[in-house]
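From first to last, the protein sequence lines stand for chains A and B. Quick note: the first sequence uses numbering that gives the first Met the number 0, first residue 0, plus one each step. Quick note: the second sequence uses numbering that gives the first Met the number 0, first residue 0, plus one each step.
Mixed in with the good hints there might be a few duds.
Pairs count within a copy or across copies, as identical chains cannot be separated in the list.
[To be verified] Dumping the calculated EDC-like pairs for lysine to aspartate or glutamate here, alpha-carbon to alpha-carbon at most 20 angstroms: (1) 424 / 183; (2) 110 / 341; (3) 373 / 334; (4) 96 / 206; (5) 427 / 395; (6) 156 / 395; (7) 427 / 183; (8) 156 / 420; (9) 424 / 153; (10) 53 / 117; (11) 240 / 341; (12) 215 / 38; (13) 14 / 341.
These aren't lab readings, by the way, just hints derived from the structure by calculation.
Protein chains: 2
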Amino acid sequence: MTSINKDISFFFNPKSIAVVGASPIAEKLSNVIINSLRDIGFTGDIYPVNPKYKSIDEMKCYQSAKAIKADVDVAIICVPASAVLGVMEDIVAKKVKGVIIVSAGFKETGKDGAEAEEELKKISNETGIRIIGPNCLGIFDNISKVDTFFILRERAKRPPAGGLSILSQSGSFAGTIMDELSAEGLGVARIINYGNRADVGESDCLEYMAEDKSTKVVGLYIESVDNGKIFIEAARRCSAKKPVFAIKAGRQETGASAARSHTGAIAGRYEIYSAAFKKAGIIEVKGYSEFLDACKVLSKQYHADGKRVLIVTDGGGMGASIADACSDFGLVVAEPSQGIKDALASKLPPFCAVGNPIDLTGSVTNDNYVMALKEAMSEYDAAIVMVLWGPPLLTDGLIKMLKAASVGIKKPVIICSPGGEYSQKRKKMFEEAGLPVFSSPEEAVRAAAILAKMTVIKLMY
Amino acid sequence: MTSINKDISFFFNPKSIAVVGASPIAEKLSNVIINSLRDIGFTGDIYPVNPKYKSIDEMKCYQSAKAIKADVDVAIICVPASAVLGVMEDIVAKKVKGVIIVSAGFKETGKDGAEAEEELKKISNETGIRIIGPNCLGIFDNISKVDTFFILRERAKRPPAGGLSILSQSGSFAGTIMDELSAEGLGVARIINYGNRADVGESDCLEYMAEDKSTKVVGLYIESVDNGKIFIEAARRCSAKKPVFAIKAGRQETGASAARSHTGAIAGRYEIYSAAFKKAGIIEVKGYSEFLDACKVLSKQYHADGKRVLIVTDGGGMGASIADACSDFGLVVAEPSQGIKDALASKLPPFCAVGNPIDLTGSVTNDNYVMALKEAMSEYDAAIVMVLWGPPLLTDGLIKMLKAASVGIKKPVIICSPGGEYSQKRKKMFEEAGLPVFSSPEEAVRAAAILAKMTVIKLMY
Numbered sequence: 000m001t002s003i004n005k006d007i008s009f010f011f012n013p014k015s016i017a018v019v020g021a022s023p024i025a026e027k028l029s030n031v032i033i034n035s036l037r038d039i040g041f042t043g044d045i046y047p048v049n050p051k052y053k054s055i056d057e058m059k060c061y062q063s064a065k066a067i068k069a070d071v072d073v074a075i076i077c078v079p080a081s082a083v084l085g086v087m088e089d090i091v092a093k094k095v096k097g098v099i100i101v102s103a104g105f106k107e108t109g110k111d112g113a114e115a116e117e118e119l120k121k122i123s124n125e126t127g128i129r130i131i132g133p134n135c136l137g138i139f140d141n142i143s144k145v146d147t148f149f150i151l152r153e154r155a156k157r158p159p160a161g162g163l164s165i166l167s168q169s170g171s172f173a174g175t176i177m178d179e180l181s182a183e184g185l186g187v188a189r190i191i192n193y194g195n196r197a198d199v200g201e202s203d204c205l206e207y208m209a210e211d212k213s214t215k216v217v218g219l220y221i222e223s224v225d226n227g228k229i230f231i232e233a234a235r236r237c238s239a240k241k242p243v244f245a246i247k248a249g250r251q252e253t254g255a256s257a258a259r260s261h262t263g264a265i266a267g268r269y270e271i272y273s274a275a276f277k278k279a280g281i282i283e284v285k286g287y288s289e290f291l292d293a294c295k296v297l298s299k300q301y302h303a304d305g306k307r308v309l310i311v312t313d314g315g316g317m318g319a320s321i322a323d324a325c326s327d328f329g330l331v332v333a334e335p336s337q338g339i340k341d342a343l344a345s346k347l348p349p350f351c352a353v354g355n356p357i358d359l360t361g362s363v364t365n366d367n368y369v370m371a372l373k374e375a376m377s378e379y380d381a382a383i384v385m386v387l388w389g390p391p392l393l394t395d396g397l398i399k400m401l402k403a404a405s406v407g408i409k410k411p412v413i414i415c416s417p418g419g420e421y422s423q424k425r426k427k428m429f430e431e432a433g434l435p436v437f438s439s440p441e442e443a444v445r446a447a448a449i450l451a452k453m454t455v456i457k458l459m460y
Numbered sequence: 000m001t002s003i004n005k006d007i008s009f010f011f012n013p014k015s016i017a018v019v020g021a022s023p024i025a026e027k028l029s030n031v032i033i034n035s036l037r038d039i040g041f042t043g044d045i046y047p048v049n050p051k052y053k054s055i056d057e058m059k060c061y062q063s064a065k066a067i068k069a070d071v072d073v074a075i076i077c078v079p080a081s082a083v084l085g086v087m088e089d090i091v092a093k094k095v096k097g098v099i100i101v102s103a104g105f106k107e108t109g110k111d112g113a114e115a116e117e118e119l120k121k122i123s124n125e126t127g128i129r130i131i132g133p134n135c136l137g138i139f140d141n142i143s144k145v146d147t148f149f150i151l152r153e154r155a156k157r158p159p160a161g162g163l164s165i166l167s168q169s170g171s172f173a174g175t176i177m178d179e180l181s182a183e184g185l186g187v188a189r190i191i192n193y194g195n196r197a198d199v200g201e202s203d204c205l206e207y208m209a210e211d212k213s214t215k216v217v218g219l220y221i222e223s224v225d226n227g228k229i230f231i232e233a234a235r236r237c238s239a240k241k242p243v244f245a246i247k248a249g250r251q252e253t254g255a256s257a258a259r260s261h262t263g264a265i266a267g268r269y270e271i272y273s274a275a276f277k278k279a280g281i282i283e284v285k286g287y288s289e290f291l292d293a294c295k296v297l298s299k300q301y302h303a304d305g306k307r308v309l310i311v312t313d314g315g316g317m318g319a320s321i322a323d324a325c326s327d328f329g330l331v332v333a334e335p336s337q338g339i340k341d342a343l344a345s346k347l348p349p350f351c352a353v354g355n356p357i358d359l360t361g362s363v364t365n366d367n368y369v370m371a372l373k374e375a376m377s378e379y380d381a382a383i384v385m386v387l388w389g390p391p392l393l394t395d396g397l398i399k400m401l402k403a404a405s406v407g408i409k410k411p412v413i414i415c416s417p418g419g420e421y422s423q424k425r426k427k428m429f430e431e432a433g434l435p436v437f438s439s440p441e442e443a444v445r446a447a448a449i450l451a452k453m454t455v456i457k458l459m460y
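Isolated chain A (complex conformation):
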């Protein structure tokens, strides 16, 4: 399958958007989409299209796309599946550059739907009109202020602008991750959910992301790829410029069958995907939680030079949990050299256990943390700093001190801040200070392991 027009960049900089199947009824997804576009602050023109209405939400409503006099860059199609092919005739006549077909009811529903989807592919091939979808949320774009997601903002908040972009075959995955990122205060550039992938897919998007200056790191959710060779080439071009991480859903037989009934994708053997990721310089993550860990840690733009992790803690048992998790995830928790041990012992109070972990105990002060980090980090690639807030001498000032120390050290410092209400507030403060922070030993270690994998990928280029 080749498209006449390979470009998809207009989706990320449209001057005008038509909403086909627009409705004034609040529950209708077309209405949610119009509100999403307004709420994000889309500065271009919005053209509602629906022969049933003269105006919608105080905007003129057009009888057809063709009836719009001005140029239309993108049309969002929200009509029932059975009406989509009819609408496409109007779209072709209007010479719209690209469409986002939100409507479900295509390949994922069986034979009839698959045939209709083949028709969509044919139209795209013959006319050069690029198609995102069907069966998708489309685009959330903090840079060009486009939001076609039909999830109410009160139910799924939109994250602030930042350098992370997400490409996802699954809408529920894209929407849920978006909502989690906003809760974490993590910045997002663009999220694209291409659903059934009648035309635009992971490879087009990766090509675009490779050149996209707003995107600093790319997360990818796939159930399948359209063309393995093209995918690996596109991913390599992207991963040479910025970190790319990916999850392959449907790893086992059961997951694969779940994915099939979902976007109609035939999910291939997992091992092939895993090998392709390696070849393409993609960091593979397994599962939703690890995907989220990768979003968090890679958004902070750290670079680890290897697998040697220093653990600093004020609670011995919790430090041991981190050490155990490090072993599970292939990280190395080596003892510091005798020289470092002596230096630590001379500068830290006598009750501290000087090793790896460095256990500062419940008598810890803010200064002890910074001292331990500065003294020992020369022998390690990354640090996991566990802060338990029980010790009475610790103050909130520690947060800024650790941030300053991590900047000085120029190596990743990952914070682990487990616990209840008091600790969760401090976790937010660590986030706001720009440090990667996690709630459990396992999450913090998984994040460190992701940074260590980045080292291997850097050696590829």
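Chain B: place on chain A using the hints.
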């Protein structure tokens, strides 16, 4: 090592507590302990002991334990390590039943500390005075209203009363878990942190827990055990009556070395522990996060009869993530029979994918969830129900409906509620309704796997 007096039950029902080394200074841990005892509502007598003061916090302060005229059940010793043996003479003279030695600076600090700790053991053996500690937080007990934890309540909240008891060698683990449980609103009976285990250890506590009517489920954190044979016997007696789950810290060489410098424990080879857990009917959990999952799911007192999991979701990609995680954790995600499929297809809207997962899609209603569960559960041992709140027809009423359905089904229904602010509020509502609820596919699946392991243990008895 045999004690004259094997009983430790008085620790969990003391009529009077002496605080030796009491201080009026707010930062001193002895002062925090007196406040902890008052805040939890200890109804017995509190006797501060310190020759330096005549009164502390408006309570008479005694020059020595011996100077207290009334009987003293338990003494909490908060003096520096170097003064502990001196204090013990006074304690022996007073014929206190048991002491909790909070002070650090014993076996965990090296040879001198280890010798002092041997002295403590000798005193316990010769006099029958039971010792919890040294180097510990002691007891948090919601049943008898005893709280010797020296962590400020503003920094680590205390959980409500409930059926979960925790035994932990590590203080930081015990304190952090306590704080997490309170944030989750999970009910706790007793938490015991025995630290260096000069006398009272995991086996004494398991014996007590076996008979303790307030305790319905026991979680255990160990770095080592004192005596393998006695441990297995005690654990078997306990696990025959109620679920026992355990984490072994120091699984790998690095973790083992971390544990050693921490409580002075020599952590043995992990495989031996893992085998001992099996023999003792203990569910092994690996890592802090899974320990927390076990606390949550086993507190709800569910029983799964096997590994067959039904997945119900309103988002295909997120459902596939659950299916993948099930495979990773050894659970079976089998398709429903044709009969069930036909029944589901006839009762659910045509856009739903009828299989496993059952994908109710973004057009889902509250009723669809209940229908899917009721229709399909006869062929499964447990259900994981993912609720993504984006779909506009879902209302908060779903929470009570799912609770009612789970009661009717009499099989575990585990809720997965990922996402940001809106979803996190609903997660709390699921918790309040008494359903086990988790934030990620991996956590929900880990919880289901823990319930499946319970099946194997039940077959032992």
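Against the structure, the hints come out as follows:
1. Both within a single protomer and between protomers do residue 424 and residue 183 lie at most 20 angstroms apart by alpha-carbon distance, with minima of 12 angstroms and 15 angstroms respectively.
2. Taking the closest pair of Cα atoms, residue 110 and residue 341 come within 20 angstroms of each other only across two copies (19 angstroms); inside a single copy the shortest separation is 72 angstroms, beyond that limit.
3. Taking the closest pair of Cα atoms, residue 373 and residue 334 come within 20 angstroms of each other only inside a single copy of the chain (16 angstroms); across copies the shortest separation is 55 angstroms, beyond that limit.
4. Taking CA atoms no more than 20 angstroms apart as the test, residue 96 paired with residue 206 passes inside one copy only; the shortest distance there is 18 angstroms, against 74 angstroms between copies.
5. Taking the shortest alpha-carbon separations for residue 427 and residue 395, only the intra-copy value of 12 angstroms comes in at or below 20 angstroms, while the best inter-copy value is 27 angstroms.
6. Proximity of residue 156 and residue 395 under a CA criterion of 20 angstroms is satisfied inter-copy only: 18 angstroms between copies versus 28 angstroms inside one chain copy.
7. When the C-alpha separation of residue 427 and residue 183 is checked against a cutoff of 20 angstroms, the pair qualifies both within a copy, at 8 angstroms, and between copies, at 18 angstroms.
8. With identical chains, the CA atoms of residue 156 and residue 420 are at most 20 angstroms apart between copies only, with a shortest distance of 8 angstroms across copies and 22 angstroms within one.
9. Only between protomers do residue 424 and residue 153 lie at most 20 angstroms apart by alpha-carbon distance; the minimum there is 12 angstroms, versus 23 angstroms within a single protomer.
10. In this homomeric assembly, residue 53 and residue 117 never come within 20 angstroms of each other (Cα to Cα): the closest approach is 33 angstroms inside a single copy and 90 angstroms across copies.
11. In this assembly of identical chains, the alpha carbons of residue 240 and residue 341 never lie at most 20 angstroms apart, being 42 angstroms within a copy and 51 angstroms across copies at closest.
12. Proximity of residue 215 to residue 38 under the C-alpha cut-off of 20 angstroms is found in neither arrangement, the shortest distances being 25 angstroms within a copy and 51 angstroms between copies.
13. Taking identical chains as interchangeable, the C-alpha atoms of residue 14 and residue 341 are never at most 20 angstroms apart, the minima being 65 angstroms within one chain and 48 angstroms between chains.
The earlier numbered hints that this structure contradicts are 10, 11, 12 and 13.
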